[in-house]
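A.B. asks: Letter by letter, the chains look like this.
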Amino acid sequence: MSNLKKLVIEPLRKTNPVTVLVLGICSCLAVTAQLKPALVMGASVTVVTALSNLIISLLRKGIPNRIRIIVQLVVVATLVILIDQFLKAFAYDVSKQLSVYVGLIITNCIIMGRLEAFALSHGPWESFLDGLGNGLGYSLILVIVAFFRELFGSGTLLGYQVIPQSFYEAGYQNNGLMILPPMALIVMGIIIWISNKDAGHGTAGRETTTQK
Amino acid sequence: MSKKLGMRSEEYKVKSNAFKGLAKWFETHEPKGKWAWLGSTYEAFHTFAFTPNRVTKRGCHVRDAVDLKRAMITVVIALAPAMLFGMWNIGYQTSLHTTDWPYELGTAANFFYCFWFGFLRMLPMLAVSYVVGLGIEFAFAQIRHHQVNEGFLVTGFLIPMIVPVTTPLWQLALATAFAVIIGKEVFGGTGMNFLNPALVARAFLFFAYPTRMSGDGVWIAADLWGTDAITGATPLGELAAGLQPSASALDMLIGTTPGSTCETSVIAVALGAIILLITGIASWRIMFSVILGGGLMGLLFNAIGANAYMQLPFYYHYLMGGFMFGAVFMATDPVTAAQTNVGKWIYGLLIGILAVMLRVINPAYPEGMMLAILLMNCFAPLIDHCVISRNIAKRKKRAIISSKTTAQ
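Just so you know, the protein sequences line up as chains A and B, in that order.
Heads up: the first sequence at position 83 corresponds to 68 in our numbering, and the numbers run straight through without jumps.
Heads up: the second sequence at position 295 corresponds to 525 in our numbering, and the numbers run straight through without jumps.
Okay, chain A solo, but in the shape it has when bound (with noise of 0.2 Å):
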């Protein structure tokens, strides 16, 4: 694999950024209710990502060390008022329900941690690349969280009925706690022990030592 495919592959499993970094879990929990906000806001956070990386990357040389932290925060909010703008005028319903959650991109760790370990020390298209892989890897996992969370939750799927009607005849009923964000925390959870057992972590270094 070249190097630049690696930078966006990467993310999406190996080095996920919700998975593996642990980063971005307040909008994780919020914002994964229903399928259809989680899927417009892993698609802003990927824009922003995407874009702040290339810009930051393109001034890396001229930002005086000291004050970096306040050039990226300039560049991220212009970037998070544009998206909210766009939402606001093409999206507005979704827009509405993102509430106050778009405009909080701009304290989204990724977005900071994808800064300072990346764009700051490389150059603009390898950048852009990384910020986009890094953005895809959190909107994979918000996806999956919205994915199981509206399925059972309410039975919709971007809000078209999914589970049929004979089964809530039949005495199925939607699971309350699925749209209440504990139930958000334990699927992350889950998606974490999965990925963690698929990496090879966890009981791997138990098992070395015990058996001797």
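All clues stand as given, with none of them false.
Which residues of chain B face chain A? A partial, calculated answer using Cβ under 10 Å:
id	residue
1	Gln401
2	Leu404
3	Val416
4	Phe437
5	Arg442
BS3-like, lysine-lysine: derived pairs with alpha carbons at most 30 Å apart:
id	chain 1	residue 1	chain 2	residue 2
6	B	Lys287	B	Lys250
7	A	Lys182	B	Lys264
8	B	Lys624	B	Lys634
9	B	Lys287	B	Lys299
10	B	Lys262	A	Lys182
11	B	Lys299	B	Lys250
Source of the hints: derived by calculation from the structure; they are not laboratory data.
Values in this document were obtained by computation on a predicted structure and should not be read as measured data.
Ideal Cβ positions, reconstructed from N, Cα and C, are used throughout, including at glycine.
Given chain A, put chain B in place with the hints provided.
C.D. replies: Only chain B this time, still in chain A's reference frame:
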């Protein structure tokens, strides 16, 4: 794994002839070769049938005939009075409210039919709870190459006892699976969980399917099968709705009121409490301090007396709902309770206080016991930490003083 188990079979002392055949069967059917992965399942059934004779030979250990299995079975025995009474009460409640009840009320035949009715309602719930819970426990033990733990023996018994009788079986199965996996196994299994798994199952049902866990329409079974219910409010439900409880204090003491399947009778729970206290399985400090805390809070509300609920005599809180059941069987869970003696007092008092507070002040939660215990389960390690560090600080001070005096 299998090698280790192979050594084991001679270590079992078999005295009775009747069980020799079974012992022989265990010896000859030990999993080997491609079945070796079933080792912990085999082990679980073997030690369930015969007391293992193997003891720890090295190190400093407390040696006691009461191992985890015997402790757990004692709790199940202590739960039996409440379970038996609950079965009868299920039938009794339905007989009061249905028109096509086959027996005359008050006759001996009716007494047994009430019990039979409740038995048939409880049996599927118990079966679902044990099959799902033990299935998951065995699976986890196999995957982790651990021995199967006995922890679920009590949890599986408790879960059907603290839910409404009309709870659909699939919801019960889901709640059990949730409790065992998320409440227990992710933390490392029996002894590692910080929340009481039976209460996790109930809390799951409470928040996931609120229409099935509270209100007036879930406490009395309409018929022998199915999930239909007859409308009938629990004493706590009536109070939360701003009414006075229609049942008398004596009814509530005996337990002939609607409620979760086996929690209504204070007398049956007290019998269990006596068994637990005599055998020393449960901590009297916790039991007593929960009751004390509830009483103090009840008296405080009596003194304030701002509304009818606050003016309710304080001892009513003991009689209604799951207060006593929680105090005796849930709060005393040795894994999730505070471990230090001072900690146990604080833990118990706060459970009692919070439970009564939730009942009286928050009408959205008619029964506060479950939430109070779960909340204090979360704080139990912190309480212990504070008690221990205080103790260390105190001793340090003493040590410094005494070293100073000797230096002089």
